[in-house]
Amino acid sequence: MIISVVSGKGGAGKTTLAASIAQVFSAEFYDLDVDAPNAEYFLQPEFSKKVPVTQPVPVFSAELCDGCGICTKECRFHALYKILNTVYLTEPLCHGCGLCKMVCPQQAISYHDSTVGDIRSGYSQRTKNMVHIGDLIVGSTRGTYLISEMVKKIDADKLSVIDGPPGNSCAAVAAIKPADLVVLVVEPTPFGFHDMQQTEQIVQQMGKNYLIIANKAMRTADVDHYFQNRTKQAALTIALENRYHKANLQGEILSQQFSEIHAGLHQVINPELIRP
Amino acid sequence: MTRQIAILSGKGGAGKTSITASIIKMMGSVVAVDADVNASNLPILLPHVQQSTTAYYGMNIAQVDHDQCTGCGACLSACQFDAISQNEEGRILIDSDCEGCAACAFVCPENAINMAERKGGDWYVSSIDNGYLIHADLIPGEDNSGKLITKVRSEASTIAKEKDIAYIVIDGPPGTSCQAISSITGVDVVLAVVEESLSGLSDYRRLAELIEKFSIPHFVLLNKAGFSAEVEDKIVAAAAEFSGKIIGQIPFDQDIPRALQSLQSLADMDEYKKTITELLEQITSSLTKT
Chain A
0 MIISVVSGKG GAGKTTLAAS IAQVFSAEFY DLDVDAPNAE YFLQPEFSKK VPVTQPVPVF
60 SAELCDGCGI CTKECRFHAL YKILNTVYLT EPLCHGCGLC KMVCPQQAIS YHDSTVGDIR
120 SGYSQRTKNM VHIGDLIVGS TRGTYLISEM VKKIDADKLS VIDGPPGNSC AAVAAIKPAD
180 LVVLVVEPTP FGFHDMQQTE QIVQQMGKNY LIIANKAMRT ADVDHYFQNR TKQAALTIAL
240 ENRYHKANLQ GEILSQQFSE IHAGLHQVIN PELIRP
Chain B
0 MTRQIAILSG KGGAGKTSIT ASIIKMMGSV VAVDADVNAS NLPILLPHVQ QSTTAYYGMN
60 IAQVDHDQCT GCGACLSACQ FDAISQNEEG RILIDSDCEG CAACAFVCPE NAINMAERKG
120 GDWYVSSIDN GYLIHADLIP GEDNSGKLIT KVRSEASTIA KEKDIAYIVI DGPPGTSCQA
180 ISSITGVDVV LAVVEESLSG LSDYRRLAEL IEKFSIPHFV LLNKAGFSAE VEDKIVAAAA
240 EFSGKIIGQI PFDQDIPRAL QSLQSLADMD EYKKTITELL EQITSSLTKT
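Residue numbers (numbering that gives the first Met the number 0), protein chains in the order written: chain A, 0 to 275; chain B, 0 to 289.
It is worth saying that the hints were derived from the structure and are not from the lab. Hints are not guaranteed to be accurate.
To be verified - Derived DSSO-like pairs (lysine-lysine); straight-line CA-CA distance at most 30 Å:
id, chain 1, residue 1, chain 2, residue 2
1, B, K118, A, K207
2, A, K100, B, K118
3, B, K244, A, K72
4, A, K49, B, K233
5, A, K245, B, K118
6, A, K176, A, K151
7, A, K151, A, K49
8, A, K207, A, K157
9, B, K233, B, K244
10, B, K212, A, K72
11, B, K272, A, K245
12, A, K127, A, K48
13, A, K49, A, K157
14, B, K272, A, K72
15, A, K81, B, K150
16, B, K146, A, K81
17, B, K160, B, K118
18, B, K118, A, K72
19, A, K81, B, K212
20, B, K233, A, K127
21, B, K118, B, K146
22, B, K212, A, K48
23, B, K233, A, K100
24, A, K176, B, K233
25, B, K150, A, K245
26, A, K127, A, K81
27, A, K176, A, K245
28, A, K48, B, K233
29, A, K176, B, K244
30, A, K49, B, K244
31, B, K244, A, K151
32, B, K233, A, K245
33, A, K207, A, K152
34, A, K100, A, K151
Said to hold, decoys possible - Across the chosen pairs, the derived CB separations fall in these ranges:
id, chain 1, residue 1, chain 2, residue 2, range
35, B, L92, A, T219, 17 to 25 Å
36, A, Q266, B, S84, 26 to 34 Å
37, A, A262, B, E87, 45 to 53 Å
38, B, T287, A, Q249, 39 to 47 Å
39, A, I153, B, T287, 48 to 56 Å
40, B, Q85, A, Q124, 22 to 30 Å
Glycine included, every Cβ here is placed at the ideal spot set by N, Cα and C.
Model the full structure from these sequences, guided by the hints.
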């Protein structure tokens, strides 16, 4: 059983709620917000393992390459360029597709593995389970690849929580794809609703079972306004309160500090876990 | 000469868009850019009138001509992304994982695979009270390449040049990957909006590392402040480490999100007008000096 926590908008409370859900159910945790991972500040795992994630990238043989430049023209990702008669690689742009090697008339290209990021793992006393953090190399374009590689390692038989990336691009899709249950976190503001509805569209197109949690809610009238005329209502609403904010910014897990949040999450998510 | 200011944070929800909108409202003529193309919020906060819509095409995607395809399967082993499968009838299927590399098209002995255009979204030119707003909507789930960001930014430069507008202000995407890079290449200064939290600090460090690689000067605005002197001290130390000058501080104040509910920004709130004006002065004076 895999639960993916996503929101569209950044700062809606994905990590806050993903950490709380993992704490309530003692679930294994995957931080897939690989270019701004923050879950470790809440889960405080004792890191015991760091595994590099690699992808193949081309290397050019100086002896064989005659500088014809065919590879630079064929690369769809503009990752190759030629100066005088030497071909260079802009590694962060390379997708490791292998086309340059196929088109090279001199067989001057081979592939070797290069690191795009790391997965750090460790045990969290707070969730009583393992935590895996994806760290993309700063500036890399291969975030979605790193997410997919991490997803491959998830054991679907165990209860796992995924902390997804913000936005509604292919990276979000990759984090939603393995989910049995999607938790959509919405900040009930004009921004939050706009972005969440786009994520909801993706979730619905993928035919996923999902529930909505409204976080940082202010006046009840505002929240009601957003949810009126919607078939899917918020399963749980968490208020914007200074005490939550204060605990959160210092890396406390809300469900551990506040019994009402622990109880609320248990009540809405537990029935989903025991469903056939 | 046009000067470009980008507002980023690393962390989502730190306050990029509300600060960007506030700054824009306090400026003279300006071209505003929403570079967060897959969760575009600046248009919600800035009253605008849409002038034009242009379709955006992302990567070309593999398409099989089933009349030509013999089902030999050469493409299956060429694809590094597991995006091609063959069903029981031998029909070759391309799924949504296709990254558009064209390796399959190259190896196909029948030339049965073409790389076809696929619409990735739309981008818009709109007018605002004091200039223009260039923004875009990526189709949910599409590949968020920096290409669309580059497109809206180049359109902004063209308009700024044509209309002789001195400033381009860019509302950046969250994160520190390719979209962030596409938003900061060639800008004159970055304003980093840093939320007072451990997450905000961590993401600021990643952002500062990225900005440093491009040798762009940056300023820091501390947002949602006033709850933890300890976290604040750490942010101040990190800013010093990366030579980011702290030029303002906005407290955690529930009146701010409340104002956002009615689409008001800090520029519309008497108690924060001064902060924003001073912030803007510091940024613009740093640009006129150089």
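Evaluation of the provided hints:
no., hint, verdict
1, B:K118 with A:K207, "holds (24 Å)"
2, A:K100 with B:K118, "holds (29 Å)"
3, B:K244 with A:K72, "violated (43 Å)"
4, A:K49 with B:K233, "holds (26 Å)"
5, A:K245 with B:K118, "violated (44 Å)"
6, A:K176 with A:K151, "holds (11 Å)"
7, A:K151 with A:K49, "holds (17 Å)"
8, A:K207 with A:K157, "holds (19 Å)"
9, B:K233 with B:K244, "holds (14 Å)"
10, B:K212 with A:K72, "holds (27 Å)"
11, B:K272 with A:K245, "holds (26 Å)"
12, A:K127 with A:K48, "holds (17 Å)"
13, A:K49 with A:K157, "holds (22 Å)"
14, B:K272 with A:K72, "violated (52 Å)"
15, A:K81 with B:K150, "holds (24 Å)"
16, B:K146 with A:K81, "holds (21 Å)"
17, B:K160 with B:K118, "holds (29 Å)"
18, B:K118 with A:K72, "holds (23 Å)"
19, A:K81 with B:K212, "holds (23 Å)"
20, B:K233 with A:K127, "holds (29 Å)"
21, B:K118 with B:K146, "holds (13 Å)"
22, B:K212 with A:K48, "holds (28 Å)"
23, B:K233 with A:K100, "violated (48 Å)"
24, A:K176 with B:K233, "violated (37 Å)"
25, B:K150 with A:K245, "violated (40 Å)"
26, A:K127 with A:K81, "violated (53 Å)"
27, A:K176 with A:K245, "violated (33 Å)"
28, A:K48 with B:K233, "holds (27 Å)"
29, A:K176 with B:K244, "violated (42 Å)"
30, A:K49 with B:K244, "violated (34 Å)"
31, B:K244 with A:K151, "violated (42 Å)"
32, B:K233 with A:K245, "holds (16 Å)"
33, A:K207 with A:K152, "holds (21 Å)"
34, A:K100 with A:K151, "holds (27 Å)"
35, B:L92 with A:T219: 17 to 25 Å, "violated (49 Å)"
36, A:Q266 with B:S84: 26 to 34 Å, "violated (41 Å)"
37, A:A262 with B:E87: 45 to 53 Å, "holds (50 Å)"
38, B:T287 with A:Q249: 39 to 47 Å, "holds (40 Å)"
39, A:I153 with B:T287: 48 to 56 Å, "holds (53 Å)"
40, B:Q85 with A:Q124: 22 to 30 Å, "violated (48 Å)"
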